[in-house]
Amino acid sequence: MTFPADLIDGCAYHDWRSPLDLLPYMSPGWRATIERRGDIGGPMNIKSMRRYDDLLGRRRADAQGGDASDLDRLVARLEDGGRMVLGYDEGLLATAYPLPYVARQTMRAANDWTREEWLARDERLYGHVLVSMTLPEDSAAEIRRVGSDERMVAVELGMNGLGRAFGHPIYHPVYAAAAELGLPLVLQATSDGSGDTAPPTAFGLPATGAEYEVLCAQGLMNHVASMITSGVFDLFPTLRVLLVGGGAAWVPAWLWRVDASYRTIRRVEVPWLRGSPSEYFARHFRLATYGLESPPQPERLEAVLDAIPSVTLMFVYASGYPNRAGEEPEAVAARLPEAWHDGVFRANAEAFYRWPGGVRPAHGVPVATDEIRERTSAAPPVATRRES
Amino acid sequence: MARYDGPIADGDIHHHWQSDADVLAYLPEFWRDYAGSSSGAATLGYLSSRMLPRRSVVGGNIPHGSARRDSYPAQGRPGSSYELLREQVLDRYDYFRGVLTYNVGANVYVENPYFGVALSRAMHDWNADHWLDGRDDRLFSVVIPSTAIPEEGAAEIRRVGASERIVATLLTGNALGRPFGDPLYHPLYEATAEMGLGLDIHPGIGAYDTFAAGPHTSGITHLAAFSHAAMHHITSLIVNGVFEKYPTLRVHLKEHGTAWLPHLIWKLDEQYDLLRIESPWVRRWPSEYIHDHIRIGTQPLEESDDPQVYRRLISAVDGVEDMLVFTSDYPHTSSDSPTYVAGRLPAGWQRKVMCDNVCEHYGWEPPPAGAKRSRLEPAVAGDG
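Those protein sequences? They're chains A and B, same order as listed.
Start counting the first sequence at 1; every next residue gets the next number (our numbering).
Start counting the second sequence at 389; every next residue gets the next number (our numbering).
Calculated directly from the structure, the hints in this document are not laboratory data.
Model, not experiment: these values are computed from the prediction.
Just so you know, even glycine gets a beta-carbon here, dropped at the ideal spot from N, CA and C.
One should not assume that every hint holds.
Unchecked claim - Cβ pair distances, simulated, as ranges: (1) T312/A with E676/B: 31 to 41 Å; (2) L56/A with R442/B: 39 to 49 Å; (3) D661/B with E338/A: 25 to 35 Å.
Unchecked claim - Stretch-level coverage of chain A by chain B, calculated; a stretch enters the list once three of its residues show a Cβ under 8 Å from a Cβ in chain B: (4) 197-203; (5) 252-259; (6) 266-279.
To be verified - What the simulated footprint calls covered on chain B by chain A, stretch by stretch (three residues with Cβ under 8 Å from a Cβ of chain A suffice, anywhere in the stretch; the number is not a length): (7) 663-670; (8) 698-711.
Isolated chain A (complex conformation):
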């Protein structure tokens, strides 16, 4: 098959080679602190440590160490009419730096660095506003500061440094700012994978990197359910979220289970919800192909993915370049039905991101907190139970 020249790569990764790259965008005080060569013989490390090493190498074999920092190699992948959205994976680790002032400084510097040194140099590139979830108010201000730049098409949520799933009200200022600017959210599966975040898995820490890679979608699952049940999409009805790196075959099982619990206990806990969690998922979530499962019998993947609501609108091609787990469009196309292809490689990303010049989604009318409060005291619906 041939790919459209206007293919959209919904998430490739860029990264700074060294903290020194960001210094021009930092305050004089932090510049002095970070560049000082102390016992470690180099600049201060501004990223928190990844909990699990990938012993096979996180980057592709043909991508040299600095490839995520090599603009020329990155854009060589694009046709003239193509577009590529730059996200962070290693850079994400900076958002959970335990001293939050470092995280705040890095987030601001990274956003300016992306605009000046990447987006300004190739018009086919677009960026994420990187935010730190440990500093929701500062992050909301950062979204308002750089989110009006038309080339910034989404907000990338930082790592889970507070150890609370992302529906928690502490984060709502971030969502309010994103909704105000019409920016969607991007959530990486690695958001719980550093030593300074909540455990990435249930029931204890993984012992090995393989165990972590297999299970890293568990954080995504809980963030999704937390955002839905905490009323994030009732408060911010235009908000949408792209899930990156955790695969997709878990979605039917997760939604069936959450829906079933919802039917049993919604009236006790979440009377403000206006439909089942799977309906919210279909409206507000999208799945990136980076990390998509790769069974030996590709047709079985379709059998599983078919159970995802609104599946033809769901997938956004994301190369994950230059990571080893990243995939060229051909590899993704080979295991998804042809009827989905236009959506996956172009249309779904077109509809998801806040592109320049396009019509920005209406802001919608946030449901007032008062109304949620009022709804909690409304007469509960009658519970139904399956006849045995």
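Using the hints, position chain B against chain A.
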């Protein structure tokens, strides 16, 4: 869908004592005093019992105390009346056998690990006297060992597991906060393999339970995340080489759901190269270990609007009809009746899932095909 009228074997029936005092009677005097030293503790309700670990309140904050409304006997707690169990489950359907699994036995994982060991012994002795005393030859049960002191747990498996009525070791809490492949737990598996028992895993409640991305804020997400435990335990058992170390071990995970299996199996096999580097004792494809060693309880069977959608999804796993085993989870609110489960399965799988796979896991000879009622005669004591 053809109606299934064959025999039923059930791997998860939650039985219970009428009041905590029933089990307290089996404790040594020291622990009886300890348990009762807060006045009235023995008669307190589910959440505040002295005999249960204190954990996040969200998981227990479910209407009706998580039991079916019709399962409350005139006296005592749901699951505590044999007569009601017989009426609502054993005789209502064509039950061949069922495994009693306590409600849910997390008492063993109270914060004081020594009290937990004593409680586990008392529970097992109470069980032998009240349920496994020959009153019904269809009833079998489990041993719930301490996971906080694995050596004590292993000793209890050897003490109780000799009874022909005990068919599995059941873990319902990881008191050391480690997924179940961790070497700290291997003494339990050694004893289980030695006694020829199955190894069952059930979601429990424990003060040490942690969750991906932080604590749950609602029962909705908490219940759904039971599946995370199963996925992590299976991965951990493989990564740590438990099936190479104990090649006869058969593991049955119940009440974690089923539809996450394709995702887990594909993700595991995709990481084979990394597994070989980090865990060189992993000698086979993870999917092969899972097919040969892992059984998945059907409850709660995922409720796709169209049953065909579920059947198509779960069929993505080769041989999954050999891996699913029927579990009812009676008397809990989320329990599944045999009629419901059999009706959601392809006709060719029904006999396996509803009976034969369960029998295989617990080491039973399945009833002959074609017998109209699997239990023709009244109960005979000791006929196991």
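We went through each hint and held it up to the structure:
Here the CB-CB span from T312/A to E676/B is close to 34 Å, well matched to the stated 31 to 41 Å. About 43 Å separates the C-beta atoms of L56/A and R442/B, a value consistent with the hinted range of 39 to 49 Å. Judged by the Cβ atoms, the range 25 to 35 Å given for D661/B and E338/A holds: they are separated by roughly 30 Å. Only residues whose C-beta sits within less than 8 Å of a C-beta in chain B count toward coverage, and the region 197-203 of chain A has 6 of them, enough to reach three; the restraint holds.
With 7 residues having a beta carbon nearer than 8 Å to a beta carbon of chain B, the region 252-259 of chain A meets the requirement of three or more and the stated coverage holds. With 5 residues carrying a beta carbon less than 8 Å from a beta carbon of chain B, the region 266-279 of chain A meets the three-residue requirement, and the given coverage holds. Judged by the Cβ-Cβ criterion of 8 Å, the region 663-670 of chain B is covered by chain A as claimed, because 4 of its residues qualify and three suffice. Against chain A, the region 698-711 of chain B contributes 5 residues with a C-beta closer than 8 Å to a partner C-beta. That satisfies the three-residue criterion, and the hint holds.
Of the numbered hints given earlier, the model fails none.
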